[in-house]
Amino acid sequence: MRSVVFIGNESVGKSQLVNSLACKAAVSEKVKGTTIAVQSCVANEFRFIDTPGILFKSDSVTTKLAVDEIPNKDCVVLVVSATEIDKDLSNLLSLVRGKEGAIVITHWDRMKDLVDPNKIEKLEEELKVPVIKVDARDISSDEHDKLLDSFSNPKVFKKRKVKTKIGVTLEPKKGIFDIPVLGQVISIVLLFLPAWIAVQFAIFGADYLYDTVYNFLTPLLDTVNAFPAPLNYLLGMDYGIISMFPFLVLYALPTIFLFAVMLSLYKTSGLIDRITVSIHPLIIPFGLTGRDVVRVIMGYGCNVPAVINTRTCSARTRGNCVSAICFGAACSYQLPATLAVFAAAKMSYLVIPYLLILVTGTLVFLRITTATQRDRSKDELAIPHRDFLQIPRLRPMFAEFKIMVREFLTVAFPIFLVICLVAGMLDWLRVLDGMIWLLGPVMAAFNLPPEAATSVVLGSIRKDGIAIGLMNSSGDGLKVPIDNPAQVLTVVYLAGVLLPCLVTLYTTFREMGWKFALKLAVKQSTAAVITSLIIAWVGYLIFYVIG
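For the sequence shown, numbering that gives the first Met the number 0 gives the first residue as 0, with consecutive numbering after it.
Note that these hints are calculated values from the structure, not bench results.
A few of these clues could be false.
Here are the simulated lysine to aspartate or glutamate pairs, DMTMM-like style, with alpha carbons at most 20 Å apart [unchecked claim]: (1) 111 to 44; (2) 145 to 44; (3) 63 to 73; (4) 111 to 123; (5) 160 to 124; (6) 158 to 125; (7) 145 to 73; (8) 132 to 112; (9) 172 to 237; (10) 522 to 510; (11) 132 to 99; (12) 266 to 108; (13) 145 to 177; (14) 86 to 44; (15) 162 to 124; (16) 162 to 125; (17) 154 to 237; (18) 86 to 170; (19) 162 to 123.
Restraint-style ranges between C-beta atoms, simulated for each label pair [to be verified]: (20) 175 to 430: 22 to 28 Å; (21) 111 to 159: 26 to 32 Å; (22) 169 to 0: 36 to 42 Å.
Every residue, glycine too, gets a C-beta built ideally from N, C-alpha and C.
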């Protein structure tokens with residue numbers, strides 16, 4: 000089976016091209032011997048391999064490692080944008096020299112009336128490799144056949160540079176996102192909007208359905224709780240699979256589905272590129288790019304797909320992006336649980352300072368812990384231009400939606416079930432009681448009663464444990480003797496940030512390696528403890544003076 004590898008700048012249309020050719024979404028994997036992660040799928044007797052787009056010019060080194068892993072008998076497709084053919088060829092031709100392949104010019108629908116066809120023919124003659132012009136979103140049958148033929152009969156890239164110049168470029172018109180300050184404010188609001196709407200929708204639905212679902216499951220819970228140990232702990236009691244089923248169905252799944260729909264709309268319309276280019280100057284001092292922020296915001300739906308999607312980040316900033324997700328992205332378990340605790344304490348107003356502390360703490364954490372990566376991330380952007388806005392189409396939207404939902408259902412959900420079983424077993428063995436007993440005295444340092452340790456321990460296992468450890472079973476008050484707003488804010492922050500939940504930590508280990516995951520856990524715990532101490536005592540003084 001012939002492998003066909005697609006390389007090019009980010010946002011050039013590689014993923015859409017693969018999707019159109021294969022009529023299905025690619026799945027993630029890694030290329031042996033490199034630091035780059037790719038997506039692949041099989042169709043038409045070809046194995047299509049979609050590499051992460053080049054964001055920084057230094058990323059071309061990583062991309063070349065991936066290309067060098069491909070045998071000469073296979074095909075390397077250089078994907079360039081019709082709006083910047085000369086620039087893309089100048090930057091990327093050296094990556095494929097000596098390989099067999101072809102050139103695909105995407106976004107041709109925007110430029111077909113502006114570019115002289117004779118110049119494209121002259122370019123093909125000079126390079127002596129096939130050059131195919133397409134609209135990646137709408138490939139005709141003739142173009143489809145021509146592409147497959149060029150993949151079956153690739154030619155050798157012999158030149159690093161070409162003399163033929165197309166001489167035509169096209170930039171999208173400036174709009175509201177290009178207005179200083181205003182454009183960045185609007186971009187930030189739009190980035191957080193999917194998370195806010197998704198969480199609000201889940202909470203709204205849960206308010207109406209929680210009692211119904213809970214009452215429906217009560218007879219089953221009574222039955223499984225009567226099973227012999229440890230089966231009753233694995234299925235019911237406080238942490239078993241059936242006990243946590245209402246939270247999963249009413250909070251997590253609706254948040255994931257709605258978030259996936261909105262984010263796919265952003266991506267396929269080109270809106271996400273406008274937003275991320277706008278906020279890029281604000282975020283680069285923290286070791287991230289504007290495009291990395293999208294993955295962090297994805298974490299508000301679920302950390303697992305967000306961490307997996309960092310495979311498409313720049314090689315320079317991927318580690319920083321994973322750190323930001325684990326530290327600052329309050330997922331669909333953590334945020335609803337936090338809001339539920341604030342509501343039970345009759346302090347719903349704390350959600351604003353909580354989110355401000357969470358965002359500020361994450362930025363400070365990145366600034367302090369990623370100095371080396373931060374310097375590297377100032378590397379020159381390969382694609383500083385704005386992308387074009389377009390009317391989203393259902394097919395690519397559905398493809399993006401399927402990828403996010405599939406990653407949740409195939410990765411996060413099975414691990415969720417395993418964690419339920421582990422937590423139930425630890426509860427049966429009284430390990431949780433022992434951990435809480437050990438941490439009880441430590442809580443005094445945070446101006447908290449010993450009972451608050453329950454929430455901290457459970458929140459480090461699963462983020463919905465924040466609510467389980469603090470709220471009464473009726474949900475109308477707290478079972479921990481705290482009444483000061485600073486104490487409520489401290490325990491919720493400490494329980495939510497002390498460690499990534501086990502599902503996220505396992506995913507980070509699988510994606511980045513055990514050394515990275517261990518270092519991240521240590522750094523995050525240290526930062527969370529220091530920040531929580533500040534919240535506890537500074538907050539106590541503030542609320543003491545106020546009231």
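Going down the list of hints, with the structure as the test:
| no. | hint | result |
| --- | --- | --- |
| 1 | 111 to 44 | 31 Å, violated |
| 2 | 145 to 44 | 15 Å, holds |
| 3 | 63 to 73 | 15 Å, holds |
| 4 | 111 to 123 | 16 Å, holds |
| 5 | 160 to 124 | 14 Å, holds |
| 6 | 158 to 125 | 9 Å, holds |
| 7 | 145 to 73 | 17 Å, holds |
| 8 | 132 to 112 | 13 Å, holds |
| 9 | 172 to 237 | 56 Å, violated |
| 10 | 522 to 510 | 18 Å, holds |
| 11 | 132 to 99 | 18 Å, holds |
| 12 | 266 to 108 | 19 Å, holds |
| 13 | 145 to 177 | 39 Å, violated |
| 14 | 86 to 44 | 33 Å, violated |
| 15 | 162 to 124 | 11 Å, holds |
| 16 | 162 to 125 | 8 Å, holds |
| 17 | 154 to 237 | 63 Å, violated |
| 18 | 86 to 170 | 13 Å, holds |
| 19 | 162 to 123 | 12 Å, holds |
| 20 | 175 to 430: 22 to 28 Å | 55 Å, violated |
| 21 | 111 to 159: 26 to 32 Å | 28 Å, holds |
| 22 | 169 to 0: 36 to 42 Å | 37 Å, holds |
Hint compliance for this structure: hints 1, 9, 13, 14, 17 and 20 are broken, all remaining hints hold.
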